[in-house]
Amino acid sequence: MMKKNHYSRRTLLKGGVAAVAASALPAPMIWAQDIKDVTLRQVGTGVSAFNEIAAKAKEDLGITLEMTALDSDATAQRVATQPNSFDIADIEYWMCKKVWPTGNLQGIDTSKLKYYDKIVGIFKDGKLTPESVIAQGSAPHTVGFVENAEDKAFAKEETGFMTLIPTVYNADTLGIRPDLIGRPIESWAELLNPEFVGKASILDVSSIGIMDMAMVCEAMGEITYGDKGNMTKEEIDKTIGIFTEAKKAGQFRAFWKTFDESVNLMASGEVVIQSMWSPAITAVRARGIPCVYQPLKEGYRSWGNGLGLAKHLSGLQLEAAQEYMNWYLSGWVGGFLMRQGYYSAAPETSKLFMSDDEWGYWLEGKAATGDITSPQGQVIEHAGAVRDGGSFYDRMGHVACWNSVMDENQYMVRKWNEFIAA
Amino acid sequence: MTKFLRLPDVRSWLLAMPVTLVLSFFLLLPLLMIVVVSFWGATEYSIYPAFQFDNYQFLFGSSVTYQVFLKTFMYTGITWATTLAIGFTIAYFLAFHVRSQTWQTAFFLLCTIPFWTSNIIRMISWIPFLGRHGLANETLIKLGLIKEPLEWLLYSDFAVILAFVHLYTLFMVVPIFNTMLRIDKSLIEAAHDAGASGLQILTNIIIPLTKPGIMIGSIFVVALVMGDFITVRFMSGSQAANVGRLISNDIGLLAYPSAAATSVVLLVTVILTISIMLRFVDIRKEL
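So the sequence lines, in the order shown, correspond to chains W and S.
Residue 1 is where the first sequence starts when you use my numbering, and the numbers rise one by one after that.
Residue 1001 is where the second sequence starts when you use my numbering, and the numbers rise one by one after that.
One or more of the hints may lead you astray.
Claimed, not checked - Footprint (simulated), chain S over chain W, 3 or more residues, beta carbon under 8 Å:
id: 1; stretch: 73–85
id: 2; stretch: 248–258
id: 3; stretch: 409–417
Keep in mind the hints are simulated off the structure, nothing from the lab.
All residues carry an ideal CB built from backbone N, CA and C; glycine is no exception.
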């Protein structure tokens, strides 16, 4: 597919090829030569900011990507307050609720997306399979569409304009050190089990941490939520109350805010059970330390990332950004990120970019037949290993809630601050 | 015109002009802005001009604020006392025990070596050292002094204060050392000849004469510790909060007006603390 980019305009115009090419390759290809000089500034959370992706984009498209990785709060802040400091926002779906009303992003015309029909249902009607029940929280499809490019309110169903182009997503759960725990862990409630006093941790990003807390409180049978993704003030009070008590009793060793902190806490044995993200597990294992992304009976807490277009993009830059988005979904990036433990929004397109063994291990829940390597080529699993939680459908089919922003968000944040300060 | 310029008043005004302009533009104006914004309102994703006391009302209405200020004062107090004790001792040693000027300079440079790396790195390097399976615990266990690793070494108030002391002791050493060097050695000899004991010399001559240095060092340490947020975050494992962290949390959540209100209260607190300290020593008179 990408080869076509190497045609120069002159070659295209030569002979009768031009007409054929023009109909087969619509608008973006016309820019193929020009976008080589375009630089796009991408700001986002660290989950998909890899130099390898920028290098490959340079190779395939010729565009220069300048990536800035920030923590979740800082990313939302940048997108909401400094609209001219970026061209592409690589943000989480829940941030849409915060940043979309600022008008700093523009809706994306789906007719420009070559792989729109390959995008999984989660990002369209919210259903992974026709039988799926939609989980609580800010499910991506609820903030994924707008009526037109300028609209500031979200549309109820699929329209021709997306807020973000979905890229990666995953089902999160607790990470554990099986060697230091020595018994099966099956429920979110274990996070507050007094057995792990001084050896537990939770992440200090309020919008995600509160969801982990809710999973725990519900699993303990302490609270039954109407909607974990949109709690009432009483539910927030109770949830934070339970965790404040645990904090005062010394349950937590530390809280973490960045990926590296969570890796270090786990690898050093300071913590044996904590909220964790998939690549962090991989990073701990790459050091030869056993670490499991433990599937739990209550289900997963899920998140999704996407690329948003800055309002100020137009003309050549806009074309380049659209081309970049098409390239993002065309397979190579998906394969790269799936080796990281995430899922691509258009998994099918990545099949060609992964070996059968990789596909079997990461997506089908099959035992690896050979060494499984990280995107950087480090061996992380050997033959016989099976992915924690199993196949794509086993994992994404058991999502209990999505990361979200609640109506009572400001109240929740104040309560969260009190929890941290308590 | 030239006559006008020669008037002493006009000349001094003109001479003071550049620094006045720089300070008003880069210090006073931003401060004023912070005060103004502290009365504004905020929504999820934006801030809007208003004149309301909501931010202050919430700040003073929350028990967390008082706890956090108390904690900030606790960190400041303990860090100040410890850095003073260590800083004074080092300065005393350098100024009075090391006779040759070459060695004085050499030892002094030695003190500054850790400052060649970044603040954050010096702080973070404590983490593997103090951890549950860190060097400190492993050594103590091997020596047979403890059986179980000490949990309070890391991610605790102890760790926070340790890092503060490590980071800021030099700010005490430098001004104290500087004032000690200015003490006329003949004063000490005279006291000695008059039969004063070492302790008497210390309390009657050296300490009173190094007061300005102590005060300058103290201002540095107090201001730095009260305004810090990153040390508290890293060394307490995000479990403790001081005022700086309240502000940084607010900024992270786009609640600029609330952050501004907290900053104003912190600023007033620091100014009050330092003016009280200055009541004890008139730095200008003694320098």
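Taking the hints in turn, this is what the structure says about them:
1. 73–85: Holds, because 6 residues of the stretch 73–85 of chain W bring their Cβ atoms closer than 8 Å to Cβ atoms of chain S.
2. 248–258: With 6 residues close enough to chain S, the hint holds.
3. 409–417: holds (count 5)
Of the numbered hints given earlier, the model fails none.
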